[in-house]
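Chemist: Given the structure of chain A, go ahead and fit chains B and C onto it with the hints provided.
Residue numbers (the numbering used here), protein chains in the order written: chain A, 1358 to 1773; chain B, 1399 to 1705; chain C, 2 to 63.
Be a bit skeptical, because a hint or two may be false.
[Unchecked claim] Taking lysine to any residue and the SDA-like style, the derived pairs with C-alpha atoms no more than 25 Å apart in a straight line are: (1) A:K1395 x A:I1380; (2) B:K1531 x C:L34; (3) B:K1694 x A:L1555; (4) B:K1604 x B:E1535; (5) B:K1690 x A:F1464; (6) B:K1472 x A:P1729; (7) A:K1630 x A:M1613; (8) A:K1544 x A:T1527; (9) B:K1657 x A:H1659; (10) A:K1467 x A:E1626; (11) B:K1485 x A:P1729; (12) B:K1657 x A:D1727; (13) A:K1754 x A:R1470; (14) B:K1472 x B:S1593; (15) B:K1694 x C:L34; (16) B:K1694 x A:Y1469; (17) A:K1754 x A:A1523; (18) B:K1700 x A:L1466; (19) A:K1754 x A:F1493; (20) A:K1630 x A:S1615; (21) B:K1657 x C:T12; (22) A:K1383 x A:E1768; (23) B:K1657 x C:Q10; (24) A:K1640 x B:D1566; (25) B:K1657 x A:Y1665; (26) B:K1531 x A:P1580; (27) B:K1657 x B:H1631; (28) B:K1700 x A:N1633; (29) B:K1700 x A:R1470; (30) B:K1584 x B:P1596; (31) A:K1640 x B:F1682; (32) B:K1485 x B:V1644.
[Stated by the list, open to error] Interface residues of chain A toward chain B, partial, derived using beta-carbon atoms under 7 Å: (33) M1416; (34) G1423; (35) R1497; (36) G1510; (37) T1512; (38) L1515; (39) A1519; (40) M1579.
No wet-lab data here; the hints were simulated from the structure. Just so it is clear, the structure is predicted and the values come from calculations on it, not from any experiment. Quick reminder that beta carbons are idealized off the backbone N, C-alpha and C, glycines included.
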Amino acid sequence: MSVNYRGLIRPGAAIAGGERSWIREKIFLGQSTGEYLKGLITPFNIIAALIFWVGIPVMVIRFAEGLAATTNLTDSNPWGIWIGFDMMSGVALAAGGYVIASAVYIFGLKEYRPVARAAVLTGFLGYLLAVIGLLFDLGRPWRLPYPMFVSLGVTSVLFLVAWHVALYLTTQFVEFSPAVFEWLGWKRWRRWAIRIALGATIFGVMLSTLHQSALGALFLLMPGKLHPLWYSPLIPVFFFVSSVAAGMSMVVIESMLSHRIFLNHDDAEHSKKLENITFGLGKAASLVLFTYFWLKIIGVMHSNTWSYIGTPLGNWFLVEILGFVLLPSLLFLYATRRRSVGLVRFTAVITVIGIIMNRLNMSMIAFRWDMPDRYVPAWSEILITVTILTFGLVLFKWIVNRLPVLEPHPEYGDDH
Amino acid sequence: MSVSRRRFLQGAAAAAGAVMLNTLSSNPVQASAVENFAGHPDRFGMLTDTTLCVGCRACERACNRANDLPPPEKRFADPSVFPEERKPSADAWTVVNQYEAPVLGGSPVYRKVQCMHCEEPACVSSCLVGALKKTPEGAVVYNENVCIGCRYCMNACPFTMLAYSYDDPVHPAVRKCVMCYDRIVKDGGVPACASACPVQATIFGKRSELLEIARSRIKNNPTRYVNHIYGEHEAGGTGWLYLSTVPFENIGLPANVGKQPYPEFTRDFLLSVPVVLVGWPALFMGLNALSKRREKLALENKDGEKK
Amino acid sequence: MYTLQEFMQFTKGWEYVIAIGFIFIFMVFWRLLSESPGSKKKQNRETRGLLSVISSVLPRIK
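Extracted from the complex, chain A is given alone in its bound form (with noise of 0.2 Å):
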């Protein structure tokens, strides 16, 4: 079996040096601090760390200064795009940890355990993520806890979404948690986390269900902000359905990104295996988005609000779940039928836009439609955005270099 993992020590191997090289090895990837230092120099940590650059900053003045200096929030928007697109979007999008989980534990389909890891990696850092800007957005974010320990509210769905959210978290990096053992060598940890995967991933998929609907489920509470082609008691139903076809397509194009930019072999066999799980998925996707497509229309048909289709926001409405949902679910279905693994892939990209147009759409587009105040968010929003961003990707490219993410570790193989 090649080894195209880098950094690791192969087993056997004499340890000189003690605790430093333990950095050298787990942390430098086996190169002295000068070699790995000059190994930085990538465009893409240029890229990120411009970014940072600018970045940062604004993110010390955002607390230094508060909301009014760096957003475009009013009492009448409340919510910008640190809630619809870091929060809910990130959400939808980070899907994905659950339901390869689910795949993998629950239904028994071992194919697709190769891409299983990585799922819920992205699915921890996505919530990550999600919770960061979160604390950029709280007015007291030092009291993200509150609704935890210090005074419930029971009778919020966002008192439900930021339980969710917690122990969601803690269960994701519960699941993940045996590559990291493996990459520490803690063996008996690992037997550990490793029994408990299945109530692990059971515990996982119900927080899911509860939570991404749960963020849809936040808008009943408006019925007359949100345009009526976009409010429906299904708000729920359809944030939870469509979260599956996003985290669906998140692997697909994670797990392509991955494979081209982290592993550097060209195993014919593992692009097979790759293949196969990306169609696999694409076939799942083009189902879950059929029946997501055909509940927006049911409704549409409950509320009976076919009158609006005709007004520019019903076009928009008609973009979304034409464009967006019922033309992903057929070009899945083309690309399967013809092995087409780049159709697959494009339209798992077309995919996940018209998720977070959705997520945008419901908290900004058409969220207070007809009223004259609206919101656009200011380049500090965006430029936040940007940068929790970017962090997310450099800590998944650094876990991805030295954790037994995408290939099993040659100690311990796929032995689960």
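Modeler: Below, chains B and C alone, put in the same frame as chain A:
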């Protein structure tokens, strides 16, 4: 074997889907028919009779003083604020707006704008830390000490009456009329605005009594008033009641608020939480057991074939 | 209860407590169910311990 598993999955999915769709789609009419909540007896309310208001803004000044709010950009006597339809803000918990009134031959109508102190407030139900509370006295009050600043309450309010002190980097907070709660809990206490009103356009009292007063005013003067007390049933009823000579939409009171208490809109979704927490483990453990059994059988078949 | 809010606070609070409590009970239940004769001794010991606790508590409830 595979057929029965398929059937099980189909059945389970259909059942789960039906339950989920049923609980997730709100059926609020049923809910309110079963439980009827009278609200705290003897709770207070406020009545603003816009036919009496002259737009002097003494109530704004009184509110500003009573709550130690910063002085406004334009003085209270300055009528140049009127062309703009203002909303309460972090530093002005109530404002008086001027509206055109074609009925009265061009003379304007004035309306005092502030938190409606709903009977079943959307903001109270939306707060994840319970910072907003409907008191037995009827006032909806705010506890700055637990608020985390998520601002969901601001979105939840169908009247969009809550403001936030975005300017404050250290202790931003939600700001709104609290019906001078500290005053009204004491015997004989009256909110500052009602005390200050020179024409008694805004009065304070028990909500039940104010409704009687409003009804008798309409009865005794049917040409003067639109035959409706805004706030009697809107959003399930509000603590602040309005009388008007023009349709209420013309003085900025939303017509699309409905009669249902807003907390009912999310109540049925909240039910799905314990349902999922209880139902999903059984469902998924079952699926997992099925798939394990299937694996086991497949292995046994293979061994059988080899032999 | 005077208001819907108070009613919801009471019911939701208890619903969550019950649901979370259920999860623990469910785990015990599943453990008991998934046991087959001839399984590991440790599991049997645990089950026997649980059953003895339950059977000692039940008569006391009367």
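Chemist: For this structure, which hints from the list above don't hold up?
Modeler: Numbers 2, 24, 33 - these are the hints that the structure violates, sorted from lowest upward.
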